[in-house]
Amino acid sequence: MIRNLRARKIQPDWWRKTAAGIVFGFILALGLSGLFAWLGPGGISAPIKSQFIMWSIAPLWMIIFSVVYLIPTGNKALLWLGVASAIVHLILLMINL
Amino acid sequence: MKISGPILRIYQTLHTWAGISAGLFLFIAFYAGSLTMFKEPIDRWVTPPIERMKMIEIDQYDALIDQVMVTFPQARQEFTLHFSDTENVIAPLSWYPGDVGKELKLSSGHHYASLDQNNQLSYQEKIPSALAELIDLLHRTAGIPYFMGDDYLGVYILGVAAIVYFLALVSGVIILLPTLVRSLFSLRIGKTAGRFWLDAHNIIGVTSLPFHIVISLTAIIFAFHDQFYDALETVVYKEQPMFIRADAPIEVYPIDKLLPIATLIKIVGEEAPNMAISKMDFFSLDSANATVRVAISSPQHMVSGAYTGYLGLNPYTGMVTMSSMLPGKEGLWGGIVSKFFSLHFGSFGGAFVRWIYFGLGLAGAFIFYSGNLLWLEKRRKKQKFNNAAPVQKVSCKILANLTVGVCLGSIAGVAISLISTKWLYHFAYQSNQASLFIYYFVFVCAISWAFWRGAARSAVDLLMLCGAACFLIPVTSVAAHLVNTPTLWANTNIESFVIDGMGLLLSCLFLYLAKLTHKRAVSSTTDSVWSEENAPEKVVIATQSC
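Just so you know, the sequences run in chain order U and H.
Position one of the first sequence corresponds to residue 445 (the working numbering), numbered consecutively onward.
Position one of the second sequence corresponds to residue 1358 (the working numbering), numbered consecutively onward.
Hints listed in this document are in silico derivations from the structure and should not be mistaken for laboratory results.
Ideal Cβ positions, reconstructed from N, Cα and C, are used throughout, including at glycine.
Just so you know, not all the hints are guaranteed correct.
Said to hold, decoys possible - Simulated restraints, written as ranges between beta carbons of each label pair: (1) H/LYS1686 / U/ILE507: 29 to 39 Å; (2) U/ILE531 / H/ARG1366: 27 to 37 Å; (3) H/LEU1866 / U/ASN540: 53 to 63 Å; (4) U/ILE507 / H/LYS1411: 50 to 60 Å; (5) H/GLU1590 / U/TRP524: 25 to 35 Å; (6) U/ILE507 / H/TRP1712: 27 to 37 Å; (7) U/VAL511 / H/TYR1664: 52 to 62 Å; (8) U/PRO485 / H/LEU1781: 35 to 45 Å; (9) U/GLY486 / H/VAL1801: 45 to 55 Å; (10) H/GLY1858 / U/VAL467: 46 to 56 Å; (11) H/LEU1461 / U/TRP458: 32 to 42 Å; (12) U/GLY486 / H/LEU1781: 50 to 60 Å.
What the hints assert, rightly or not - With a straight-line cut-off of 25 Å between C-alpha atoms, the simulated SDA-like cross-links for lysine to any residue are: (13) H/LYS1359 / U/PRO491; (14) U/LYS453 / H/LEU1365; (15) H/LYS1636 / H/LYS1359.
This is chain U alone, in the form it adopts within the complex:
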């Protein structure tokens, strides 16, 4: 019963969730791979690492994009991914200063 109620709360909200997946999904993936570039093994200047970092954007983005539809509403999707992107990029900015 509870599960049903919870499940019923999920809305398709196609446009908003898709927009959140494309825009914030990409920004978040970019930020996460950026964090790995600075903090991951070898640091920012490891040889050829930038190519790996570039490659890592695609899987991160696609995973975020494909689970965005599990977020109950479109507005929440925009909000959560937006806040997550902001936090990640804030950390990135602090590292990079």
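Use these hints to put chain H onto chain U, whose structure you have.
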């Protein structure tokens, strides 16, 4: 596994729309991608032997380079040495004046040089057959023309299609999860209409899922890597250098100080033991950035190129300037990336893996084709007992016609373009423009035919066209064997026979499918897919049922 109904419904809708919007682009990309596994055999099949110049011994290359550098100083910007003596290699040395960008230049000549019996320079300018390249381009752009900025519009469109395709993969797995174990390995033939297609769609999708995930992710990267790098540079790297170059020698060497080819081969042999050198590209010999890029093939390794790995050397000092694409020496990060390159290209394990990838690519094309059919089947209005056949939706009609026209038109286009290249050469001349025109002509005709005749009838016609065109491939070779003039020839190597064999095999397949489709068209219920009763005159669309 239990997943709540609303979530399942959301992902079901996502899967449907993702599949419908990207399916036809992906069909062409997959089917042409399968053919690129045999890019070299295709190139060998179409390259006329009379255009080939004499191949020379390793110790003669230095004399050839010396003479070319003196006679054609513009070749110092860039030239290529070829070492493999196969039909598609026209000369031991070639160069292409001007910018070698990503845009395929169909009508500008390449320059070729070799030595004659007296060790004197022999030279010709020719436009080589670009057919194998055109098939590769079809794979990368789905045939969508127009070059914009740095790449073809089609590359970006396929990049977007690859993103949509990833969503379709994830959603397809999610909607299958609740019944995965029960229904995966059951292939219910003839149980209900469309059940067979659904089961086949699911089995192939799940069993080749890792392949599809790799292809989708790498295709996104191939399309958007410039944009990704730009974004990383702006946001992440900023002043940090993204690529660390080896210290370039400041010295500019005179051209006669080039190391002998035998020495370069020896250096490469030390860096990459037991690997074969297929090509050497020399760049900017008159500058401090002088480089030779050596293409190295090794079936024992996963190489980062579509066919070979690469090693960069300074051609004057022999110093290694780039080893990040040399099999086994890529380093940690380069190694991970080159594995993914290799997994996209199937460039590991030699011919066996190429055949596997050929099969996986065709199976992928089948997934998109059957996906469209399932969509049609689901929306098909069923005929009620004793009622007249219902009028099907316009959207169904359009998609059915498009599916038949685009998929079969693209297949027929490539096959006809392939054979006409050879016959045109015999009766008139070689023209890459003609090959390109023939492909698009057949493609557009097939789509028009599908809309004019309706999916039911045109599918039979177009399958027969595909079958006939593929059958003409071995026929052309046999005719060429019998005639055997300099302009109509058949190469008698195993790689060229592969093309003939494949043509024969595919023609049998298409003719068999044409027979099945025709049988269904005359025998199936009138509300069904390929019923001829549903030909367009009766304004009833056929959607596929089996």
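Status of each hint after checking the structure:
no.	hint	verdict
1	H/LYS1686 / U/ILE507: 29 to 39 Å	holds (31 Å)
2	U/ILE531 / H/ARG1366: 27 to 37 Å	holds (32 Å)
3	H/LEU1866 / U/ASN540: 53 to 63 Å	holds (57 Å)
4	U/ILE507 / H/LYS1411: 50 to 60 Å	holds (55 Å)
5	H/GLU1590 / U/TRP524: 25 to 35 Å	holds (28 Å)
6	U/ILE507 / H/TRP1712: 27 to 37 Å	holds (32 Å)
7	U/VAL511 / H/TYR1664: 52 to 62 Å	violated (37 Å)
8	U/PRO485 / H/LEU1781: 35 to 45 Å	violated (56 Å)
9	U/GLY486 / H/VAL1801: 45 to 55 Å	holds (52 Å)
10	H/GLY1858 / U/VAL467: 46 to 56 Å	holds (50 Å)
11	H/LEU1461 / U/TRP458: 32 to 42 Å	holds (38 Å)
12	U/GLY486 / H/LEU1781: 50 to 60 Å	holds (55 Å)
13	H/LYS1359 / U/PRO491	violated (45 Å)
14	U/LYS453 / H/LEU1365	holds (14 Å)
15	H/LYS1636 / H/LYS1359	violated (55 Å)
Violated hints, listed in ascending order, are 7, 8, 13, 15; each of the other numbered hints is respected by the structure.
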